[in-house]
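Protein chains: 2
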Amino acid sequence: MTDAKAAQYGVPLQSEDFNEWYNQVVIKADLADYSPVRGCMVVKPYGYAVWERINRDMEDAFRATGHEGLLFPTLIPMNFITKEADHVEGFAPELFTVTKIGTEVLEEPYVMRPTSETIIGHMWAQWLNSYRDLPFLHYQAGAVFRAELRTKLFLRTAEFYWQEGHTAHENEGEARAEVLQQLDLYHRYSRDVLALPVIRGRKTDSERFAGAVETYSIEGMMRDGKALQSGTSHYLGQNFAKAFEVKFQGRDQKEHYVHTTSWAISSRIIGAIIMTHGDDKGLRLPPRIAPVQVVIVPITRKDNTEAMYAAADELAAELASAGHRVRVDKREGVSNGFKYNDWELKGVPVRIELGPRDLEASVVVVKDRDSDAKETVSRADVVAHMQARLERIQQALYDRALDFLEENTVTVDTYDDFKAAIEAGKWVRAFHCGDPESEKQIAEETKAKTRNVPMDDELFGEPEEGVCVHTGKPSAYGKRVIFGRQY
Amino acid sequence: MTDAKAAQYGVPLQSEDFNEWYNQVVIKADLADYSPVRGCMVVKPYGYAVWERINRDMEDAFRATGHEGLLFPTLIPMNFITKEADHVEGFAPELFTVTKIGTEVLEEPYVMRPTSETIIGHMWAQWLNSYRDLPFLHYQAGAVFRAELRTKLFLRTAEFYWQEGHTAHENEGEARAEVLQQLDLYHRYSRDVLALPVIRGRKTDSERFAGAVETYSIEGMMRDGKALQSGTSHYLGQNFAKAFEVKFQGRDQKEHYVHTTSWAISSRIIGAIIMTHGDDKGLRLPPRIAPVQVVIVPITRKDNTEAMYAAADELAAELASAGHRVRVDKREGVSNGFKYNDWELKGVPVRIELGPRDLEASVVVVKDRDSDAKETVSRADVVAHMQARLERIQQALYDRALDFLEENTVTVDTYDDFKAAIEAGKWVRAFHCGDPESEKQIAEETKAKTRNVPMDDELFGEPEEGVCVHTGKPSAYGKRVIFGRQY
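Chains A and B supply the protein sequences, listed in that same order.
All residue numbers for the first sequence refer to the UniProt record's numbering, where the first residue is 1 and numbers rise by one.
All residue numbers for the second sequence refer to the UniProt record's numbering, where the first residue is 1 and numbers rise by one.
Just so you know, these hints were derived from the structure itself, not from any lab.
Just so it is clear, the structure is predicted and the values come from calculations on it, not from any experiment.
Any given hint could be a false lead.
A pair counts as met if it fits within one copy or between any two copies, since identical chains are not told apart.
[Claimed, not checked] With a Cα cut of at most 27 Å, we get these calculated DSSO-like pairs of lysine-lysine:
no.: 1; residue 1: Lys374; residue 2: Lys330
no.: 2; residue 1: Lys479; residue 2: Lys447
no.: 3; residue 1: Lys449; residue 2: Lys419
no.: 4; residue 1: Lys242; residue 2: Lys302
no.: 5; residue 1: Lys100; residue 2: Lys473
no.: 6; residue 1: Lys242; residue 2: Lys83
no.: 7; residue 1: Lys28; residue 2: Lys374
no.: 8; residue 1: Lys367; residue 2: Lys447
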């Protein structure tokens, strides 16, 4: 693409300045904006339409497996946060603290929730009596608050959005099964709806959630080679149960602490969609999540505007009846070329151009976001063919991202090769001894951290033995670990 | 109902202690619970299922008329709130204030949004250039925060939930049309889905929203005769536009301030559902909003449990296929009688009992929440008849509530009659002079305030002239005003 062409889309080339490309795509595609509140964003209608779809899909999926939604207070008493030792250490520096109500100064301040394990644990302790009450399969859709030093829209904002799942079980086995079930949901949804190839795996000890016994994640590779942790699922053991006295009378008539889990994907995943699929022209949205799947641009002159709008509306209604999300661009005072570029920047999968001569010839011109080729399609066929076209685009986005992930993940056995590959923006598969001190040194020297230890049935998850690429000690995981720089 | 029977349902009689009846119904029907955060509640799964349905319905209805969702920060800079003079006066005593992030003390504190006109105005000023950009038709679904002295679940909680609509228009006419369009949506939704008869009307000057030029409301009557303001729609004129410099270049090439509106219904409306439809047995949920429309209770013995569960599941699947929300109660260790009472307390519209002899005879026993009569229905017919049954129940709930509203609203022409009627728990229709000082005195003497001035085409909205029931001055509204005590 020439510089002139890039300028036409109004964003820097992705290959030349990935960071600035991202910032400008988010703003210019109207996904989000900066706000006057430190670290916080405004999610604009186009971005909200994506998030709301993800949110509804998630709520529906949770309910389909017996989970129930609740709303806990946004505020949490400060002394709750300090009850679980690792938890307070992890979150204390990031807390927004409410010290006043009206003119009254509070003796005991509240914090805006950074996550809700503590207050949910407190309520569970009141609701739980017998093993018959279990499991508790709960989730809460809403906002959380964690101060961030450097804002990056969707990726690092002080307020972000998620559905946090929290479950309590009679025993460890059930709780661990829940953790993996939810991880698998996130994996399938990322793959099948968001067209994101992600690696399921277990986090190493140093990368666990504050308060967890074990953390699993899905990790995606962005177009700059950096990793984005795109969802997590935690087995919390009895840590929070003991901190909040969440006990029940078991089948053996004795008192037991519950085993708990928590899991979430957040609005960060919109960043993953942008950075996995985007190109020099801007966004590319997978059809299954795109708020607009097909945009119709009527080509009008002053004397035929009404007729062309009517024809476009008719086609839009037919496509909508077939279950597609369609927009007709009737903006005035801007050129067709501007409209084309604008919808390409916004990543709409399919554009239909409808001109007066097309109308006479009973054809339309169809162009995929992914191709420069325009195709003339019979007006009578366009609705019938759209489903297959959208599915092809969905699959192509996934395939391209998977190819990229595989091409940019290298297997290394020496620390020199490790450093060179990381420096070149790759993910690395290497053996590691599991020593947190070694992970820390590697991070200091290369800025790369462990992503996860892929599951056995996952890409890169093959069992294999070897010696640590950093310390030469035996591998701790029976397979290679993935390292990479991260968002 | 005897005392013994009342005790069976576990709640006080509605007629004897309405206040305590309400509190216990909310808790025992598992709608919500008290939380460890001052003034805040926990919305439990059954309550969340009601609210989430209302929320989705509202979002879908807003979108159908061209509105778009956004997410603005929960926090608002304190100095934003002070920019609109009436607004700060209205909200200052209720504000939750964030003064610290981590260990850093903030120079400029933030408040948790009591409503979002201010921060939305600030963003609009940045987004708006020309009249071509208008109207802005925005809404935000989420939580708001207003300190409350006395907590009452759903009705008065420091954190509550709503979808706040905010729109900006080129001129007053469009803005006022928007205000009425949204009021009508709330009116129709209350009537047709929630079975709540509500009176649409304009608030008097003293009862306007802080910062509004004109406020409209829908007002419902609870079973104790008190009013609940169940939704509001405000014409804000150019007040917020001027405070936040929301200007555009008009068709005349000159700069103009926008005219703005805001409107909302909130989770308070769940309180209205409970207090409008509930009876001595507990909740009664209108079928269109009930999370469970039909509960099936299989009557089991130890030797037939599996067969009865299978038969119940089969019936449930058929009802679900027909679009109904069904639950099979398979709880063990509790009696059938307990289950019946529990689902009546929870207000499920229809119960089906399925016993082994019914199964053999190919019948089921159907009982409406509203009637003591049990009806034996052919198994083959039950699915086909359910839709009509649910619609009949929906309509009956509305009719009963409308009768109650009409019976308990009295027309008075003297202040003595006014006071007597209010004391007897009625709404009063009376002429009023419009003087805020007189309204204030009436409120002090009778605890009754103006509800609204009903629209011309609304129940009680007939144009009529007369003199003020309190001051003897001419009526200000060309019709009678509604007064009542309120939540």
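We went through each hint and held it up to the structure:
1. Lys374 with Lys330: Close inside one copy (21 Å), not across copies (59 Å); limit 27 Å.
2. Lys479 with Lys447: Answer is within: at 22 Å inside a copy they meet the 27 Å cutoff, but 74 Å across does not.
3. Lys449 with Lys419: Answer is within: at 12 Å inside a copy they meet the 27 Å cutoff, but 74 Å across does not.
4. Lys242 with Lys302: neither (73 Å within a copy, 38 Å between copies)
5. Lys100 with Lys473: Cα proximity of Lys100 and Lys473: none, with 54 Å in one copy and 46 Å across.
6. Lys242 with Lys83: Answer is within; shortest intra-copy Cα gap is 9 Å, inter-copy 48 Å.
7. Lys28 with Lys374: For Lys28 and Lys374, the Cα distance is within 27 Å only inside one copy (25 Å; across copies 63 Å).
8. Lys367 with Lys447: neither (42 Å within a copy, 67 Å between copies)
Hint compliance for this structure: hints 4, 5, 8 are not met, and every other hint is.
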